Every structure is written in structure tokens, then in C-alpha cells.
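> Listed here are the chains, written in short residue letters.
There are 2 protein chains.
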Amino acid sequence: MTMPEPASPDVLIIGGGLIGLATAWRAAVRGLSVTLCDPAPGTHASYAAAGMLTPVTELHYGEETLLGLNLASARRYPEFVAELREASGGADPGYRASGTLAVAFDADDRAVLADLHTFQRSLDLKAEWLSGSEARRLEPMLAPGVRGGLLVEGDHQVDNRMLLAALFAALEREPKVRIVRARVAELTVAGDRAAGAVLDDGTAIAAGQTVLAAGCWSGRIRGVPQEAVPPVRPVKGQILRLAVPEVYRPFLTHTVRGVVRSNHAYLVPRAHGELVLGATTEEQDYDTAVTAGGVYELLRDARALIPGITELPLVETRAALRPGSPDNAPVIGPTALPGLLAATGHYRHGVLLTPATADAVAEILATGEIPDVVAPFSPLRFRK
Amino acid sequence: MTMPEPASPDVLIIGGGLIGLATAWRAAVRGLSVTLCDPAPGTHASYAAAGMLTPVTELHYGEETLLGLNLASARRYPEFVAELREASGGADPGYRASGTLAVAFDADDRAVLADLHTFQRSLDLKAEWLSGSEARRLEPMLAPGVRGGLLVEGDHQVDNRMLLAALFAALEREPKVRIVRARVAELTVAGDRAAGAVLDDGTAIAAGQTVLAAGCWSGRIRGVPQEAVPPVRPVKGQILRLAVPEVYRPFLTHTVRGVVRSNHAYLVPRAHGELVLGATTEEQDYDTAVTAGGVYELLRDARALIPGITELPLVETRAALRPGSPDNAPVIGPTALPGLLAATGHYRHGVLLTPATADAVAEILATGEIPDVVAPFSPLRFRK
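Residue numbers (this note's numbering), protein chains in the order written: chain B, 1 to 384; chain D, 1 to 384.
Hints in this document: simulated from the structure, not taken from any laboratory. It is possible that part of the hints are untrue.
Facing chain B, from chain D, some residues (calculated, C-beta under 7 angstroms) [said to hold, decoys possible]:
#, residue
1, V29
2, L32
3, L242
4, A289
5, T310
Treat the numbers as computed from the prediction; the structure is a model and nothing was measured. Here a beta-carbon is modelled for each residue, glycine too, at the ideal position from N, C-alpha and C.
When you get a sec, could you build the whole thing from the sequences and use the hints?
Shown next, in the form of C-alpha cells:
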């Protein structure tokens, strides 16, 4: 934070969400100097998110490769947050080994979960089928009609806002990292190589390597040659935060995910009484309005699973934009432009994939070697 | 606003909602000097309200006497806002002669409206029965299933926030009125007569007459003798504000009230694109939390009437406390303590009753005469 101007860092990171911030930290740990630019770091999707670390519960057909990365990042989490707590001088990153319970509202929803269970077992993933009454024994607030579900004891959560705060605290103490609260106007290309960027106010930052970590805006930085533009688009999510008054605690102890008449809903209980309720998935370009319909559907589905939410204060409504990619998998690694890396496209898994992405990108920045676990997610896979 | 301290006004008004502010203005017009005390004037129920001026649509059995006051205040509104506009130097009080359409969702709800229509006609009130298709011709956003309703062309609306702003502007220009942003700690009683009040900071204000206009808090001012305490209680209302984007305007042109599976819902469209959607009625003591259940029910019922609200941004959620009285009618006039008047208990009609109440209280303050229209609402009626 005290480097002299103008800076010529080893690495320029464009974007200060969880991915950019964690990458800055891990790159500094590897000995690299970093400048991170964002007009409002930590305020977009990373701030809105629910922080589920649920690779097994959120498994989708055809995403076995992504599962490998998701599991690796989930496994890395306990160590990652322990290191971060130390690096930050004691900030609690809000990791909670709460386990996840996925439940079904009706018979059709039950069939969806049963299919998921079959698929999970075929991959040797640990998930236990519970009857409705077994599920209610674990979570007494579940609706009487809930048709059973899946207990995934290894799917946890992190309070993404506490995680952001811990990252800011760690970077504050890290002399190799400078955060510039400004927008990048244009990438600088010199001799067919990314060479840094120019900020909105005209400041030029020269850097040996540049990382695009600007979420759904990663494809809109001027000056990036067409063949190096990450193919990301905004996927809107609306999300609510309820408060659980002392007298009702513990309201839920596990993350509860539900399939409600084919809609997916989830409730993530924080240790300090916040209950996060999400989320819509909408293709609405860059619109971030909270809508009457979005809030209605979230409350309707959550209420079907947990009728008792009715009494809880609704303390926040928010919408943010996930960075989606053509195959719903992240875009991590060197782009077609030498000196330019991408770390974006994390879609619904940005919080989960923060440790694995930050470690891998730091490794690439420090050594040029691409770790096996992220190799399938190269930006180059979209080339025709 | 420029009177020397310590002030000894003719009148002390405790409470700066619409009733208190309008009473201050009307009393000043009658030549009286006024000090109004409120730690946060214009921020509670008066700010939350929807501003419906709908005495005919909101008619209830057994409330014929209240109807007379409601109608008188509704008739007074156009002149009241014209005078206020002039007094404020041109502020628009947001009065809108939009008419009101009350619709029914199902056959049972239709029967409720038909009963209301019969009652309205028995009192010679003007209300026109419309079929479902006639109602949809007036308001094309109405749900296809809506079973007809009542058009009340004389039931209008005022933007209560614009009305508050106009009152503040008028009082700013009125040298006879001083607004003190502080809480009253205790009423002063001298020789069996109200004599002013002491503020939280110890400041004493001596006044010949004092008006209790503190909404649901009017019964909790220390120092008021038991027999003079207005019997008011808080009745919580949750209310939402949506925004109608330019491209959808006009979304609605009338205030739409609906009976939806026996629940009452309303949508009030403002000229500038705000759509107010209310309101719950809850006995929750002084709790003002916006709850998941309250927001859910409001959206559910409004959506049943006007499915298109789904697309509209939800820009505000709020809860406030109506001052309810034992007979749901206001409490206006001299109390059992000489020198102490009440102007409270307006329940769901505070905005509607602002002109009639302010005029009547100003009349009593100036002349001691109680206007016939408010005589039935004397605080003394609750004496055993």
C-alpha cells in the first residue's frame, strides 16, 4: 500500500472481487508485486453471493470435469482460510462446516433428487438419502410435507462478506500489493504482448503480466484483441437476506437447498443469525434491478420448504451479475495474448472456486506452469 | 423559524406527522404562534402511507359517522392543496384525481364487493358496478380472471411524501411556526391545566394550549393524567414501493383496490411512476420489522390482481405504525385535561383526514368551538 508512484508491478489485476483479491494475495505470497484496479472492490457478485461450498449438492450431469475443480477448491478451503486468518492478523473469514441438506417438495422434485443421488453414487461422492421425518429431525423447521432429501455432510459454506473483509485486511498488511480504486479504461498492448493498462484518469500502469478478473465485465475491457476476449456474459441473480432473531435460534443449522416444483431454492444460515435466501437465474443483460417477481418467487419457494421464515425480518434485497461462460465453466489461464491471463467465468461457483483459482493463477504467474486441475478451463478452449 | 428562545408559543404541538404539521400550518393561518416538537418529523406513518383518499371504497359497516368526516375531508382536499401550494411558494402537494377501481379476485370476493355496493347505494354514494371486461377496459393490466368490480370516480389519492414536503415548505415560510427537532420528555401540568412540555434536553416550552398529535405514541407521553391519555395503540402496516419504468407507463391509471381470497390489497399509481403496494394490518406492538411473510403476502395478492407487477423493480420495503383506537375512529378535540387537545387515532385514514383534522383543531384552538363534523370523535367518548 506504500509503493511509490508510478508503479510498475509484476502483475496487474483488473477486478477486485473475491477472485481478483485472492489472486493478488496468493501472487504476493509467491513473491510477486501486484497492483489491483477496481473502482469499487468487493461490492458486486462477491458481496451479493450466498457463499455455498457445495460441489456435491450442486452437481450437474456433464460437469464431471468441473466437479474435480470444485472438489479440489472445497478441500483447499480449511487451509486457505487458516492461512488467510494468519495473513490478516486474525480476521475470521467466516468458514462454517455446516453440511448441506437438499430436500424435495413434491414427488416430482423427489425424483430429481433421487436421480442426483444415483449420479453422486456413481462418482463415489458421499451423500446420504433421508426420509422426510429423518430430514425434519435434522432441521425441525422443514415443512411437514417435505418428501425427504439428501444429506451431504461435506458441503459447507463461507460468509462471503467476512471472506472479503479478511482478504482486504490481509492485503492491507501486504506491502507487495497496491489496490487502486479506479476503473481500467484500456489494456495496453506493446509488441503483441499485454503490457499493463491505462486508468480512467489517464494514469498508465506498466506490468509484466495482466489478469482479467472483472467478472461479467471481463469481456468488455477496451484494447483486448478479439481472440483474447473471454466469452463471459452477465447472469442476473436476485438474493435476499433475512435476520433470525435471538429467540428463534438456531433456526437452521445446515444449508438447506430445495427443489420446489422444479425451482431451485436455498437457505444458508450464518453463525451470527443471518439467513441468506437465493437466488434467481436470469438472462437480463446488465440489469441489476430487484424485481417484485424475483422477490416473490424466492419467498414463495423458501416458504414452501421452511414456512417459519414468514416471521423473520427481511433485511436486504439485492441483485448482482454472475459471469457465465458458454459451457458454464470458468475461464482460467493464459489467453491468446501473451502476458494476459483470464480468471473469470465462475458463474455460480465464484466463492467456491476462489482458493483453487487464486492458487492456480498465482502458480501460472510465478512459474508459467499451468496446474493440471485448471488445465481443462483454459481460455483457449473456445477457439474455433 | 426565527423566534427568540425561550419561546412561549400560543400552541405546542407534540408530533410532526401530517396531522401535526398541517395543524401547525392551519393554526398559524388563524393567527396563533406554534411550536411543533418531533425528533424526526415526517418520517413515520405519514411517510410510509399510500395516500389513498378513498372514503367511498373503504366504507365499512357501522362506520357511517366516520364516513361523514371522511367525505368532508375528501371534499376539502382540492382547496386544501391549492392553499398549501400557495402558502409553500409553489410546492406541488401531489394531489391526483385518479379515481379508484375496487375489483374482486374470485366469486367470494365478488360477493364482498357486491355487499359493499349495496351499502354504498343505501347511503347515496356514487359507485358504478363494472363487469370484468369493463374493468379490464379501464385497466388493461388487470388479471384475466378478475370478476368485475366497483368504479368510484370520486375516490382519489395524494402523494403523502409530496404533501409532507409541501407542508415543510409552507412552515419554513411561516414566521409564526417553529419546528423543534427534539423529543418531548414530559407534559407540564400547572394548576390542573396543561401548560406546555419539557424536552429531552431539559428545555421547557410554555404554551397556552398543547396538542397531542404523536400518532400511536400519543398515549405514551409522560405527565399526561390518566383520564386524558388518548387510548391509541400501534397497528403495524408493511408497504412496498415499486417503480414503473418509462416503457411500461401508464401501467395503471386508477388506484386499484382488490379483495383477493378475503385479503385486501391495493396498488396506488403515482404520476411520476411510483406504484405503492400495501398493506398488512398487524397487531405487533411497536415492532416495525419488514418481514418475509409480510412482503410475500403483499406481492402474492397484488400479483393475483395485476400479474404484470412481476417485471417491476421493487424499490422500497417499509413498515410503520398506524394509531388505532378502540372504535377505529380518530380522537380529535379537547381532552379531560384543560389546555390539552388530542389529534390522533386516525388509524388507516391519517392522510385522508389531514385537512379536516387540521382545520377543526385550528378552529378549536382559535375559538374554543368544536366543529360539528369532529364532535363525534371527542376524546371524552371513551370515558366509562
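> Next, verify each hint and record whether it holds.
Verification of the hints:
no.	hint	verdict
1	V29	42 angstroms, violated
2	L32	43 angstroms, violated
3	L242	6 angstroms, holds
4	A289	4 angstroms, holds
5	T310	3 angstroms, holds
When held up to the earlier numbered hints, the structure conflicts with 1 and 2 and fits the remainder.
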